[in-house]
Amino acid sequence: MEFLLEINTEEMPASHVKVGLAQLKEKIERELASNRIAHRPVETQGTSRRLVVIGDFAPRQEDTQEVVIGPPKAVAFSKEGMPTQAAIGFARSHNVETSQLEVVATPRGEYIGLKKTSKGRPTGEVLAAALPAIITSLSFPKMMKWGETNLRFSRPIRRVLCLWGGKRLPFTIEGVRAGDETSGHKLHSPRMFKVASVSEYLAGLKKNGVILAGDERRSIILKQIKQRLGPLQAQLYPDDELLEKLTYEVEHPHVFLGEFPPEYLRLPLEVISVAMREGQKLFSVIREGRQVPVFLGVADSPGDRKALIRKGNERVLKARLEDARFFWEQDLKIPLAQRAAGLRQVVFQEKLGHYEDKSTRLKELVAYLCDKLGEKKIEKEAVQAAELCKADLLTGMVREFPSLQGKVGGLYAREEGYPPVVSRAIYEHYQPVGLDDPLPVSAAGAFLSLADKLDSIVGAVGIGLLATGSSDPFGLRRSAGAVCRIILGRKVHLSFDDLLNQAVSGYGERLEKPKGEIIEYCRTFFSQRLRFIWEGEGYRYDLIEAALGAGLDSVYFSYLRLKALASLEKSPSFEPFILMAKRVNNIIRGHPSYEVNPDLFREKQEKEFWFSFCILRDKALPWISAGDFARAQGMIFKLQPLLNTYFDKVLVMAEDAPTRQNRLAQLQAISRLLLKIADFSPVVVEGEKKDRSA
Amino acid sequence: MTLQNLIMSLQKYWSDQGCYLAQPYDLEVGAGTMTPDTFFRVLDRRPWRVGYVQPSRRPNDGRFGENPHRVQKHYQFQVIIKPSPSDIQQVYIQSLVNLGIDLSAHDLRFDEDDWESPTIGAWGVGWQVVLDGLEITQFTYFQQAGGVDLFPVPVEITYGLERLEMFLEGKDNIFDLNWSEDVTYRDLRLREEKEFSDYNFQTADIERLRQSFGLAQGEASRLIDKGLLLPAYDLCLKCSHLFNLLDSRGAISVTERVKTIGEIRSLVVRIAQKYRAGEGRS
Numbered sequence: 032m033e034f035l036l037e038i039n040t041e042e043m044p045a046s047h048v049k050v051g052l053a054q055l056k057e058k059i060e061r062e063l064a065s066n067r068i069a070h071r072p073v074e075t076q077g078t079s080r081r082l083v084v085i086g087d088f089a090p091r092q093e094d095t096q097e098v099v100i101g102p103p104k105a106v107a108f109s110k111e112g113m114p115t116q117a118a119i120g121f122a123r124s125h126n127v128e129t130s131q132l133e134v135v136a137t138p139r140g141e142y143i144g145l146k147k148t149s150k151g152r153p154t155g156e157v158l159a160a161a162l163p164a165i166i167t168s169l170s171f172p173k174m175m176k177w178g179e180t181n182l183r184f185s186r187p188i189r190r191v192l193c194l195w196g197g198k199r200l201p202f203t204i205e206g207v208r209a210g211d212e213t214s215g216h217k218l219h220s221p222r223m224f225k226v227a228s229v230s231e232y233l234a235g236l237k238k239n240g241v242i243l244a245g246d247e248r249r250s251i252i253l254k255q256i257k258q259r260l261g262p263l264q265a266q267l268y269p270d271d272e273l274l275e276k277l278t279y280e281v282e283h284p285h286v287f288l289g290e291f292p293p294e295y296l297r298l299p300l301e302v303i304s305v306a307m308r309e310g311q312k313l314f315s316v317i318r319e320g321r322q323v324p325v326f327l328g329v330a331d332s333p334g335d336r337k338a339l340i341r342k343g344n345e346r347v348l349k350a351r352l353e354d355a356r357f358f359w360e361q362d363l364k365i366p367l368a369q370r371a372a373g374l375r376q377v378v379f380q381e382k383l384g385h386y387e388d389k390s391t392r393l394k395e396l397v398a399y400l401c402d403k404l405g406e407k408k409i410e411k412e413a414v415q416a417a418e419l420c421k422a423d424l425l426t427g428m429v430r431e432f433p434s435l436q437g438k439v440g441g442l443y444a445r446e447e448g449y450p451p452v453v454s455r456a457i458y459e460h461y462q463p464v465g466l467d468d469p470l471p472v473s474a475a476g477a478f479l480s481l482a483d484k485l486d487s488i489v490g491a492v493g494i495g496l497l498a499t500g501s502s503d504p505f506g507l508r509r510s511a512g513a514v515c516r517i518i519l520g521r522k523v524h525l526s527f528d529d530l531l532n533q534a535v536s537g538y539g540e541r542l543e544k545p546k547g548e549i550i551e552y553c554r555t556f557f558s559q560r561l562r563f564i565w566e567g568e569g570y571r572y573d574l575i576e577a578a579l580g581a582g583l584d585s586v587y588f589s590y591l592r593l594k595a596l597a598s599l600e601k602s603p604s605f606e607p608f609i610l611m612a613k614r615v616n617n618i619i620r621g622h623p624s625y626e627v628n629p630d631l632f633r634e635k636q637e638k639e640f641w642f643s644f645c646i647l648r649d650k651a652l653p654w655i656s657a658g659d660f661a662r663a664q665g666m667i668f669k670l671q672p673l674l675n676t677y678f679d680k681v682l683v684m685a686e687d688a689p690t691r692q693n694r695l696a697q698l699q700a701i702s703r704l705l706l707k708i709a710d711f712s713p714v715v716v717e718g719e720k721k722d723r724s725a
Numbered sequence: 008m009t010l011q012n013l014i015m016s017l018q019k020y021w022s023d024q025g026c027y028l029a030q031p032y033d034l035e036v037g038a039g040t041m042t043p044d045t046f047f048r049v050l051d052r053r054p055w056r057v058g059y060v061q062p063s064r065r066p067n068d069g070r071f072g073e074n075p076h077r078v079q080k081h082y083q084f085q086v087i088i089k090p091s092p093s094d095i096q097q098v099y100i101q102s103l104v105n106l107g108i109d110l111s112a113h114d115l116r117f118d119e120d121d122w123e124s125p126t127i128g129a130w131g132v133g134w135q136v137v138l139d140g141l142e143i144t145q146f147t148y149f150q151q152a153g154g155v156d157l158f159p160v161p162v163e164i165t166y167g168l169e170r171l172e173m174f175l176e177g178k179d180n181i182f183d184l185n186w187s188e189d190v191t192y193r194d195l196r197l198r199e200e201k202e203f204s205d206y207n208f209q210t211a212d213i214e215r216l217r218q219s220f221g222l223a224q225g226e227a228s229r230l231i232d233k234g235l236l237l238p239a240y241d242l243c244l245k246c247s248h249l250f251n252l253l254d255s256r257g258a259i260s261v262t263e264r265v266k267t268i269g270e271i272r273s274l275v276v277r278i279a280q281k282y283r284a285g286e287g288r289s
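Going line by line, the protein sequences match chains P and C.
Here this note's numbering = 1-based position in the first sequence + 31.
Here this note's numbering = 1-based position in the second sequence + 7.
It is worth saying that the hints were derived from the structure and are not from the lab.
Just so you know, not all the hints are guaranteed correct.
[Claimed, not checked] Calculated lysine-lysine pairs in the BS3-like style (CA-CA distance at most 25 Å, straight line):
hint : chain 1 : residue 1 : chain 2 : residue 2
1    : C       : K178      : P       : K349
2    : P       : K349      : C       : K201
3    : P       : K337      : C       : K178
4    : P       : K58       : P       : K198
5    : C       : K266      : P       : K382
Use the sequences and the hints to build the structure in full.
Given below as structure tokens:
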């Protein structure tokens with residue numbers, strides 16, 4: 032039967048709509064399942080003003096059957112098969128005839144039982160009882176109260192519509208009675224109308240200026256953008272975040288095209304597009320990579336028949352651009368180098384000092400990176416960028432548009448005539464900001480970004496500002512994720528410990544925690560971020576553990592280890608090899624480490640094996656140091672048949688202690704070599720499951 | 008429509024909604040929220056409906072009268088209704104229709120914008136109301152003031168009068184607005200903007216401002232101890248304005264800013280707690 036729920040609210044933020052819909056779906060499906068109500072997948076749709084659930088559920092709960100156990104069969108029936116008093120009494124107590132009793136086999140023997148069926152309740156009853164709790168339990172990133180209700184929600188709930196099989200489902204939430212009415216577009220069709228089915232509801236909304244499906248609104252926006260831009264032969268400057276926001280903010284999108292005076296094109300694209308996006312949620316337009324003096328806006332309206340919406344937006348935008356030009360011109364009057372002197376006034380973090388200190392640390396850390404990563408030739412420029420990169424925090428532009436930090440500094444550096452390496456590095460040094468944000472393209476930009484983030488991370492860890500649960504006051508997770516992405520993206524091979532050590536040293540005596548503790552915490556923390564990133568990319572959990580288990584000597588090498596494991600996972604040698612590796616580890620577990628002494632080999636196989644092993648090892652080691660783990664592993668796979676022979680002929684745990692220790696030493700050498708590639712013990716293989724069951 | 012007609016129209020409209028029409032408070036404040044008619048009245052459980060014009064000073068926004076949109080003093084029309092009525096959005100929208108705006112030809116949006124005033128320990132959840140890209144109103148469900156949870160929840164509607172008037176008159180420059188048929192905004196305010204921008208940015212004596220701040224702060228604290236909460240609050244407002252002047256003189260470092268805001272806030276929190284507890288002389 033058809034189910035329809037609409038929670039009508041005042042305008043929720045776009046992100047809240049999605050969060051709310053996902054929870055509604057999950058909670059309602061869970062409620063149905065736990066109440067044994069069959070259903071098709073629940074569908075959700077929403078706008079900033081309504082959360083909607085559409086479903087098709089069975090009319091009743093499934094009936095349940097239970098078996099009530101009575102007396103043992105031997106007691107309940109006589110030898111002749113006639114019911115005894117025990118059976119009659121049992122039947123009577125359940126209001127049935129003795130003929131309805133059945134024999135039930137139990138672990139304790141045969142008993143008399145009675146199958147009882149209880150009828151499921153009507154779904155409507157179950158829903159009416161459950162929905163108030165479901166709706167009031169929704170949680171949002173930020174919640175509020177209103178009027179005199181005690182409920183906390185994203186924004187005030189003003190009306191609830193709920194239909195079950197075309198009829199109003201009676202329940203109340205904080206004084207709001209669920210009904211069978213809704214209304215259309217807030218400004219253009221606010222009248223209330225009754226509905227008696229999902230199709231009437233959808234048609235009614237459409238007729239009254241509301242497009243319910245997010246996908247449909249998005250495609251209308253995209254289609255209209257294309258139509259508006261067609262004659263101009265220009266393209267949208269893509270901004271998926273803004274598109275997504277607008278899709279949920281409007282109930283009926285209308286795209287309008289406006290213009291601004293071309294004189295403002297003297298401002299950089301970054302500045303213009305931020306002024307457009309952050310103030311008025313307007314899209315920039317480009318032609319052949321250059322900005323053109325037009326914009327696109329999305330109104331919540333069926334149209335703009337008098338062009339008033341366009342003209343209003345044009346007027347407001349002009350004022351904003353005028354302000355941006357004011358900041359641009361004012362800011363350029365003071366050179367960045369002069370501004371940087373003022374960073375002493377700007378606190379980075381109370382215990383970690385001001386931004387001038389930070390710049391000093393960044394200079395050293397960037398120089399270190401240039402040196403270690405073979406980019407000595409850009410060291411001078413990279414250090415200069417480090418010195419200037421925070422100066423834009425003191426500009427009017429960044430005060431007005433904080434999201435331009437870094438970028439504006441880079442643009443000012445370019446205007447002042449600094450070498451492109453310097454201005455580019457400053458420009459890129461916050462990147463990547465989000466998960467989809469591009470990485471810095473230039474080496475100096477990447478190093479500066481790495482240095483900046485590592486400095487913040489070790490500093491925060493050093494004073495105990497950690498990320499715990501949902502709280503991450505210093506944005507450590509995001510910074511660590513960005514560090515990993517840059518390292519992986521640029522294939523930066525650098526000892527991770529050395530890098531952390533260098534970053535911690537920059538703080539001198541300022542940090543509260545000992546260096547070793549900070550580095551240890553960071554290693555664990557980064558391993559967690561890598562797990563998160565790699566699981567997101569679809570790598571097997573056990574392979575990730577295996578790769579990280581070899582130690583985080585370099586983030587990039589850990590990744591190469593993982594890739595090697597993933598590429599060989601399907602090879603026929605993989606499984607026997609893993610089993611062998613585990614066997615070796617099991618045998619040596621708990622023994623102290625020994626040295627191999629070739630003079631102590633007794634058996635021919637022992638000698639032969641050791642000889643082959645040394646050859647394999649000497650071939651594999653250079654590949655391991657070069658990070659070619661797939662090749663090294665392919666080579667090591669060859670150990671498996673050799674070891675099989677070895678185990679067949681050689682008893683490791685020999686009676687004679689020196690012989691036994693020598694053999695253990697052999698296995699320990701194998702284990703040490705394997706661990707340079709990966710820790711194979713967490714890897715799960717099919718054969719292992721069979722082994723266990725056998 | 009002139010600016011004074013706009014004011015009269017809003018006054019009439021909200022008076023019809025049962026609001027008491029207050030007169031502007033006679034101290035420098037950054038926003039209508041800060042005046043006692045809002046600050047104290049939202050703290051208790053009694054219903055409250057008020058509407059008033061409040062001149063609001065933001066020294067940092069001065070532009071010597073040269074920017075067509077920014078001024079160091081502007082006018083707000085502030086409405087507080089407690090508890091917030093369930094149809095308040097519609098009531099607000101109707102106030103715009105009442106001004107003669109044909110909303111069917113415009114784009115009116117409630118854009119997420121949570122409001123916060125750390126100085127008086129206040130925050131709320133709501134929107135900026137945007138008309139064809141122009142922010143005309145801040146619409147907030149007040150959640151806390153003076154660090155105290157508010158219940159019943161008041162709704163605060165703050166119209167930016169010059170913004171709204173620029174929309175109504177279709178003007179690009181604030182100084183071209185007509186205050187009345189015969190008097191423009193330029194006639195009334197241009198000289199004030201020039202002189203105050205000079206004072207705010209260049210001429211105010213930093214040392215004297217600091218001294219005044221210290222005096223007001225000390226006096227506020229003394230009065231709180233004596234239970235004279237309203238006078239103490241006035242002195243906090245003075246502190247807040249003096250702080251804004253020091254800031255526009257470039258005399259406040261970032262660390263000092265956080266510290267000073269915290270100091271004013273802690274005075275205000277003490278006042279709010281005492282007021283809520285029914286202390287003081289009433």
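So, going through the hints one by one against the coordinates:
1. Between the alpha carbons of K178 of chain C and K349 of chain P the distance comes to roughly 13 Å, so the proposed pair stays at or under 25 Å and holds.
2. Distance check on the hinted pair: K349 of chain P and K201 of chain C sit about 23 Å apart at the alpha-carbon level, within 25 Å; holds.
3. Among the hinted pairs, K337 of chain P with K178 of chain C is consistent with the structure: their alpha-carbon atoms are about 18 Å apart, no more than 25 Å.
4. Distance check on the hinted pair: K58 of chain P and K198 of chain P sit about 22 Å apart at the alpha-carbon level, within 25 Å; holds.
5. Under the criterion of a C-alpha separation no larger than 25 Å, the hint pairing K266 of chain C with K382 of chain P is consistent with the structure, at around 15 Å.
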